[in-house]
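Participant: Protein chains in written order, with the working numbering: chain A, 2 to 220; chain B, 8 to 280; chain C, 93 to 312.
Don't take each hint at face value.
Simulated coverage check for chain C against chain A, where a stretch passes if three residues somewhere in it have a Cβ under 8 angstroms from a Cβ of chain A [to be verified]:
1. 128 to 141
2. 152 to 160
3. 223 to 236
25 angstroms max Cα-Cα, derived DMTMM-like pairs, lysine to aspartate or glutamate [as the list claims (entries may be wrong)]:
4. B:Lys164 <-> A:Glu158
5. B:Lys164 <-> A:Glu3
6. A:Lys207 <-> A:Glu186
7. A:Lys157 <-> C:Asp94
8. B:Lys251 <-> B:Glu236
9. B:Lys134 <-> C:Asp94
10. B:Lys164 <-> A:Asp5
11. C:Lys112 <-> A:Asp85
12. B:Lys251 <-> B:Asp271
13. A:Lys207 <-> A:Glu158
14. B:Lys251 <-> B:Asp72
15. B:Lys39 <-> B:Asp60
16. B:Lys134 <-> A:Asp85
17. B:Lys39 <-> B:Asp271
18. B:Lys164 <-> A:Glu180
19. B:Lys149 <-> A:Glu180
20. B:Lys149 <-> A:Glu158
21. C:Lys112 <-> B:Glu83
22. B:Lys149 <-> B:Glu113
23. A:Lys207 <-> C:Asp94
24. B:Lys43 <-> B:Glu77
25. C:Lys112 <-> B:Asp60
Residues from chain C shown here face chain A by an in silico Cβ test under 7 angstroms; the list is partial [as the list claims (entries may be wrong)]:
26. Ile115
27. Leu119
28. Asn243
29. Leu247
30. Lys250
31. Ser253
32. Pro277
33. Tyr281
These aren't lab readings, by the way, just hints derived from the structure by calculation.
No residue lacks a Cβ here, since even glycine has one placed at the ideal position from N, Cα and C.
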Amino acid sequence: MELDLYVRYGPALLSGFGVTILCWIVGSLGGLVLGFAIACLYQWSGTWLRGALQAYIEVVRGTPFMIQLFILYYGGPYFGLVLDPVPAGILGFMVYGSPYFAEIFRSGFQSFPKGQLEAARCVGIDEWTAVRRIMLPQMLVSITAPLTNFFIILTKETAILSVVTVPELLAETQTMAAETFTYVEPFLVLSLFYWFMVEFTSWLGKRVEARVTRHLQRA
Amino acid sequence: MKKRTLLGLVAACGLSFGLVGTAYADQLADIKSRGKIVAATEMHFAPFDILIDGQYQGICRDLFDEVAKELGVEVEYLDLPWSSVLPGLEAGKFDIVNAPVTITAERSARYRFTLPMGNATVALLKKAGDGTINAPADIAGKAAGSQKGSAQLEQLKVYAAGLPQPVDVREYVNIDEAMADLAAGRIQAVANSMPLMGYAAVQRPEVFELVMPPFGAPKFFAWVARPGEETASLVAAINAALLKMHEDGRLDAINEKWLGAAPDLPTTMPAVN
Amino acid sequence: MDFSFQVIIRNLPYLLSAAKWTIALSLVGMAIGLVLGVLICAARVSGNSWLRRAAGIYISFFRGVPLLVQLLMFFYMLPYVGLNLPATVAAVASIGMCSAAYIAEIVRGSLQAIPRGQAEAAEALGIAPLALWRRILIPQALRIGLPSLMNELILLVKVSSLASVVGIGELTRIAQNITGQTYRPLEIYLTAAVIYLVINAVLATAGRAGERRLSIWVGR
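Looking at chain A on its own, in the form it has when it is part of the complex (with noise of 0.2 angstroms):
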């Protein structure tokens, strides 16, 4: 293994890494701000908006990653739309996740036992504050498991944002691979760098589900 080819693309990667990071957390907070938007709106809207949004849902997570990225990055300029890469990354991130957060938060409120919110109103606490301050903070102990889960799954999902030229860690890798002619060993430490990403922030997200959770374990 060859120590100084690493060092001399040392910058190349890091700032690839930067970039993967970069748009895993833009991307997914911005994910999960829609999704809650739209996961909202579905709750407290007629059945006219709801079909909008079952539609939305399904075609988003009916279609893969990388042709929503086509159509947003190389079909964009044709209805007006001209990203650069990273932007571009950002928002077909926001809008790959953002069915999937809509869908937890969905599942979240449902089984939410609305006789809380019932018992809110009785005592004369009005609804927007009884979301706020009773529903939403229980909520999130439901859905931090799973949001957990998702945001772990989308670090993984930063790879393909290379096939539409971001240059994040796996694009910063090929080019790396094709300059130095050496096509295996790059991949290898990739993966096990994934790998060790992954196991870290599945580990920091059991950390703050313990922390969320602390309360239920008193005895």
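Place chains B and C on chain A using the hints.
Facilitator: Here is chains B and C on its own, set in the frame of chain A:
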């Protein structure tokens, strides 16, 4: 479409029956006894390699068909992404790369090149009507793209490093996508070999324009075989066929058909630095 | 913006023909994943701690590395270890190995839903462990896990698009080819998206129908 997939499948089955991974005593003898040579390229490199309605066409196809006729064998063509082509050759997945590969010193050390069959000197393509780029140096401070893993990309990077303002160099999986981005205005120039850029400007003059002159050292395209003794006779035979085509004018005729004017190609291996 | 339906109609036959490869890749990948996944699950729940750990590492690796990276690594690495497989076989094997990790977990979860009493009764009756697995546990686990398994299949259909990166002529790659020729990315990729949607919708409906039929058996 179906025929190509079928051909690919047949080629794959043929390959999978233990034809590769072992060193041939003589690859040419083996190919002749099989009656078939398997060539791989990326069919997204107009006018050298093009897919028209699912059929493989282009300068490389015409030239290689003629060479195969001289060798007395049939050809099986594979369409692979560019990033798999050279690794695939090394791994023995096919006999030869009939893509136009730029002859560079690093590649010469790893592979065996045939005689040149195309001009690979780098030129720029710009969006038609773009008055801000009139010479290669005008890309300073702008965005330019090329294909990942290509010698032209490396030459672009080297050239850009010498300019007063930094150039945002973008790397694309295939050159079609780079040109799509140029048309969309995401980048202001695409760098690739002059024949390619010239062809695009001729095919779509309302979208693209060629920027003259080409820059960097003169380079050539050639086909690539594995290194080592076993490919010596194969490459010698291909070179002999190419030389014959030089003499009887077939080489010029094919190039003129696609490019309008035949490039000046050396009949001996050019020096590389 | 001029949207051309003509381009779509002219190229639809090529896209549909490529969709066959997408379906083939997904089904064969799923088949490999099922067989391998059940084996790995067996290792994961076995009494032997080495087997358990090995299975655990397998599952952790194949779920922790992006499938695209696995595909590329598998594709480039194979010839160097002496295995020269055609591209399609390599792609399917890689997809199958990755899917096996997820299926192993699905089956493990389903196994936990089967009442322990069955295994104990089988032991009391002298039924060999292999027969217990093959004829009692696995069939039930597959039925219980059917929704998740159908989900996995739908995922595989979407994931097959990654095979385009190693040159397999499935729907995404053919769409890319056609786009390169026609310069109409929006029309072509949208059509490809619709084809994927149709395939997944059919699978989802079949899955739900299958669930309903099988749940007649499960409920008591």
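Participant: Can you list which hints this structure breaks, lowest number first?
Facilitator: Violated hints: 1, 3, 4, 6, 7, 11, 15, 17, 20, 22, 23, 26, 27, 28 and 29; rest satisfied.
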